[in-house]
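Q: Chain by chain, the residues run as shown.
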Amino acid sequence: MSSKMQASQAGQALWSKMPKANAELFALTYGSLVTELVRDYEDPIEVNAQLDRIGHSIGVRCVDELLSKADVAGMGLATQCQNLRDTAEVVAKVGFKMFLGVQAEVGGFSQDQRSFSIYLQDNPLATFVELPAAGDEQYNGDDLRKLKYSNLYCGVIRGALEQVNLKVECNIVRDTLKGDEVNEIRVELKEVLADGAGDDYKEE
Amino acid sequence: MSRSSSNNILDRPLGRVGGRSTDTTFVSLSAFAYIYSELVQYHQSRAASVSELERRLESAGYGVGLKVLEMTAYRTKEMKREIRLMSILHFVSSSVWKSLFGRSADSLERSIDHADEYMIIDYEPIASTFVSVPTDLGQLSADAYVSGIIAGVLDGAGFAARVTAHNVKLEEGERQGGGSGSGGGAGGNAVPGIPPRKNKAVFLVKFSPEVLSRDAALER
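Just so you know, the protein sequences line up as chains A and B, in that order.
So for the first sequence, UniProt numbering puts the first residue at 1; every next one is plus one.
So for the second sequence, UniProt numbering puts the first residue at 1; every next one is plus one.
If we strip away everything but chain A, and leave its shape as in the complex, we get (with noise of 0.2 Å):
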């Protein structure tokens, strides 16, 4: 199937085409939202809650001009998504790219082929970021190692894809500000819903 080429080459495409803002000042932005959380908040947990509550917000409504942007360019996005594989390389190849320039990659997928992962090199939130040591006690480092700092994204990706009926969790597994590697952010799908349109929205 040539599906991995295709959405990396739409990714591509896509983002060549999208008003463009200074990545540092999205950085920055991202920034002082979470300090503002953090400061109101205190329990890192609970930031953690709202950062994926407010990517949920995002997510929904991203996932919107995704698929209408991917329509006008006439790629069919939407009847290309057969299974959970090809979702998953929307989602990475052409959802991170689109948005934020960035190349995110899939694998790991689980035996029963409900979960992955998707990998991603370069984080554009974390730039500038450094978490506090553990048992740095000025800064309060124990704690504030609890955060995930890019926890939007599972946000995010969790409100996109409940758009198009699936019910999915996430989970940032790795996070390279704690040391690791690389950014991993679980995927793990629960549940397919059945169409959202109710019967409301039916023609008598």
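Accuracy of the hints is not assured; some may be wrong.
Stated by the list, open to error - Computed footprint of chain A on chain B, listed as stretches where at least three residues anywhere in the stretch have a Cβ under 8 Å from a Cβ of chain A:
(1) 38-48
(2) 54-65
(3) 89-103
Because the hints were derived from the structure by calculation, they are not lab data.
Since this is a predicted model, take the numbers as computed values, not measurements.
Quick reminder that beta carbons are idealized off the backbone N, C-alpha and C, glycines included.
Use these hints to put chain B onto chain A, whose structure you have.
A: Chain B in isolation, oriented as in the chain A frame:
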């Protein structure tokens, strides 16, 4: 920029010395707009009034401004520190603007009525690209975040100032040949498909008295 080789942020390269714009890394404007919209929504949910919301956005930008000052200053070739009022304003409206928004501010003007007030004008402010302010929020300027950044830069450089953002209606015939709206991406963030703007952003910079007296002393 590979981050895997080194975990210490101070060992990483700071990127583009001299500010060649070809090396700049980008994300999509949409991605920025999504994040910014969430930032505004978050602060809106915690602010009781329009002015409090603007103040919150300003303080969110302030910290960014301090960092931007440092970053931009290190990247300029001369590593020069600006000590005069006019040069710091030029620094903000050209260097800082270029590094953040990919182009200079549209103009820098001195207030006629007040000697301590300057205006930086931007016809296509990035923060409010996709923003339409509902009537119940009246005078809200979604660019308050940017005014916070300016305040952070100025304060960090030792020029204490109060910076506020204002939406000002474009006058008839103003901004000719600017190619707003569908004019292509030359301006950095002119977005095809959205109507031309009716407002410009005016960032009003009001310097503290001690800054002005210091600058007057340097004049001699």
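Q: Now look at each hint and say whether the structure bears it out.
A: How the hints compare with the structure:
{"no.": "1", "hint": "38-48", "in the structure": "holds (count 6)"}
{"no.": "2", "hint": "54-65", "in the structure": "holds (count 4)"}
{"no.": "3", "hint": "89-103", "in the structure": "holds (count 4)"}
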